[in-house]
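Top line first, the protein sequences correspond to chains A and B.
Just so we're aligned, residue 32 is where the first sequence starts under the working numbering, counting upward by one.
Just so we're aligned, residue 217 is where the second sequence starts under the working numbering, counting upward by one.
Hints in this document: simulated from the structure, not taken from any laboratory.
A few of these clues could be false.
[Unchecked claim] Restricting the straight-line Cα-Cα distance to at most 30 angstroms, the calculated cross-link-like pairs of lysine-lysine (DSSO-like) are:
#, chain 1, residue 1, chain 2, residue 2
1, B, K500, A, K36
2, A, K211, A, K137
3, A, K276, A, K315
4, B, K291, A, K197
5, B, K500, A, K237
6, B, K341, A, K137
7, A, K166, B, K222
8, B, K291, A, K137
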Amino acid sequence: MIEVKNLVKRYGNHNAVDHLSFTVEDGQVFGFLGPNGAGKSTTMNIITGYLAATEGDVIIEGHNVLEEPEAAKRCIGYLPELPPLYPDMTVTEYLQFAAELKEIPKANRENQISQAMALTHLEDMATRLIRNLSKGYRQRVGLAQAILGFPRIIILDEPTVGLDPKQVVEIRDLIRRLAKEHTVILSSHILSEIRAVCDKVLIIRKGRFVACDTPEDLEEQLSASDRMELLVKGTQEEAEQVLRKLSGIGAYTVLEHTGDTVRLSLHSDGDRREELFFAFAGAKLPLLELRPRLATLEDVFLDLTDDDDAVAAKAAALLKNEPAKAGTKEDSDHAGNL
Amino acid sequence: MRAIYKREVRSYYNTLTGWIFMAVMTAFIGVYFMVYNMLNGAAYFSYALSAVLFLFMVLVPLLTMRSMAEERHSKTDQLLLTSPASISGVVLGKFFAMMTVFLVPVLISCLCPLIIRLNGTAFLKADYGTILAFFLLGGVQIAAGLLISALTESQIIAAVGTFSVLLVMYLWDGLVSLLPTSASGSLVGLLIILLAICFLADAISNNWMVTGGIGLVGAVALVGAYIHDSSSFNSLLPNLLGSFSLTDAFTAFATDHVFDLQGLLLYLSLTALLLFLTCQVLQKRRWN
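All chains should be modelled from the sequences, with the hints used to inform the complete structure.
The following block contains the structure:
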């Protein structure tokens, strides 16, 4: 179990990590999701003891990283963003070095190394110099190093960067297999990856906590806010007139505007499909399409981590099932005209 | 520590660095041995050794520039510092690996007094004492190189920085003799040194209270002592700095043939101090 409490990492007057708190339970695959520069790697570097936090505590299996660094580090296998490889060593030499560094008992070492190599499919590369390996294989050597000795917690910083699609699938399988007996933390800005393997997702933005839940719940929460998509035969003005008269309709945006149809996306207060149907029918504007719009994890992510603070705040508010304050009709009209 | 030590030693011999270091050092010791002892018939091998001291300035940077700077540059320090190994273990592992590489030419040079013995009178005790001092002096310089390498990410800067520091160490006696010997000059010099210590303390502790405390207490003590008895400040600065001379102790061994225990202790304690500072630099970097 990893507990991160109120973590702050300050560089000058910029907070790379800003009061971040979360808990990773045993046996979870925990995903860090955030755009580049959100503080994912910094957080991982603090958890693994490479960097020290400005404020806050990291407690790993009951050991505080700052107070008992050796005990805490013994529980962790870490693959940093750039695999820490020595180009002048062969794969076997490197793994032997890593095994000794991790204080794996000598009798156990060979067995552990061959297991790690088998899991990462490195057997054929055992005697090659790391200098001569391709990026994908280097990444695998780094991964083999991280799982060496099978520590209880395995932390992987963007483990599939630079791998071809087949290797990506292999690594995902490996992560799933590891997850049966280990806690795995991985970071990514690739959504499909997180969606495919993670039990729980932590979304961070500019070093701050945004949301932490299962991927399914995140999607559901945003979808539950009754987003709908309409395709109306008529002009934009006519459609807007109808919408204005209706109660319980929140912000709306015009998605598409072609000849005689207009596609709108809107938030409503509860299920308003019937009212919408009759209102448009009464105005003699045929509704060609009316469907609830399910948010995908991608939408959630893109909204929650938008560079614009207002957009992100709006999305975060939706997540907490609060009415979006930033999204007034005037706002969305403006957005529609863009 | 053992894992790091083994890897470092292997790496020095897998790359050219270790071989070049050993070859050049052995070759130069050999040349001076040849000229001083074989051709000109000096009975003390220590003369040849004291003539090759300048080699450290070139060879030590070659050995040390990579040690920490390259780890940081290629981010392999992430592996070392997130492993259960302690920071002091990392530093000591690297230091002892370099000392091992340095030990090889030193052991080869241990043959030289025996060769002299074969050809006539040899002063084995004096010569082996000098070789010990030579080895420990090398240790101080390697520790200095390690510290400088830990301060930067660039091998070139590490090499040039180490060369400059070793040059200052080499010319120390000459430089100290240029300092003023008057009492007021000593006071000013000591205050400047105090200022430098304050900078160092601030860099390590990152706490202005500690820095201010050290500065205030030191300044009051110095000025107070000066007002109380200014005559004791006469040539205090040159004497104080002169006692840090690295070549002094070596010269005691090499030319005076005295077993200078105090000098050896100076070497060992300076090495320990430099290694401690290296650990502090690595520790400190985690906080920035």
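Here is how each hint holds up against the structure:
Under the criterion of a C-alpha separation no larger than 30 angstroms, the hint pairing K500 of chain B with K36 of chain A is consistent with the structure, at around 22 angstroms. At most 30 angstroms may separate the alpha-carbon atoms for a hinted pair to count; K211 of chain A and K137 of chain A meet this at roughly 26 angstroms. A hinted pair counts as satisfied when its Cα atoms are at most 30 angstroms apart, and K276 of chain A with K315 of chain A qualifies at roughly 15 angstroms. A hinted pair counts as satisfied when its Cα atoms are at most 30 angstroms apart, and K291 of chain B with K197 of chain A qualifies at roughly 27 angstroms.
A distance of roughly 25 angstroms separates the Cα atoms of K500 of chain B and K237 of chain A; the hinted pair therefore holds under the 30 angstroms criterion. Our distance criterion of 30 angstroms between C-alpha atoms is broken by K341 of chain B and K137 of chain A, whose separation comes to about 43 angstroms. Of the pairs offered as hints, the one joining K166 of chain A and K222 of chain B holds, with about 27 angstroms between alpha carbons and a cut-off of 30 angstroms not exceeded. In summary, the hint linking K291 of chain B to K137 of chain A is supported, as the alpha carbons are separated by about 27 angstroms, within the 30 angstroms threshold.
Consistency note: the structure conflicts with earlier hint 6 alone.
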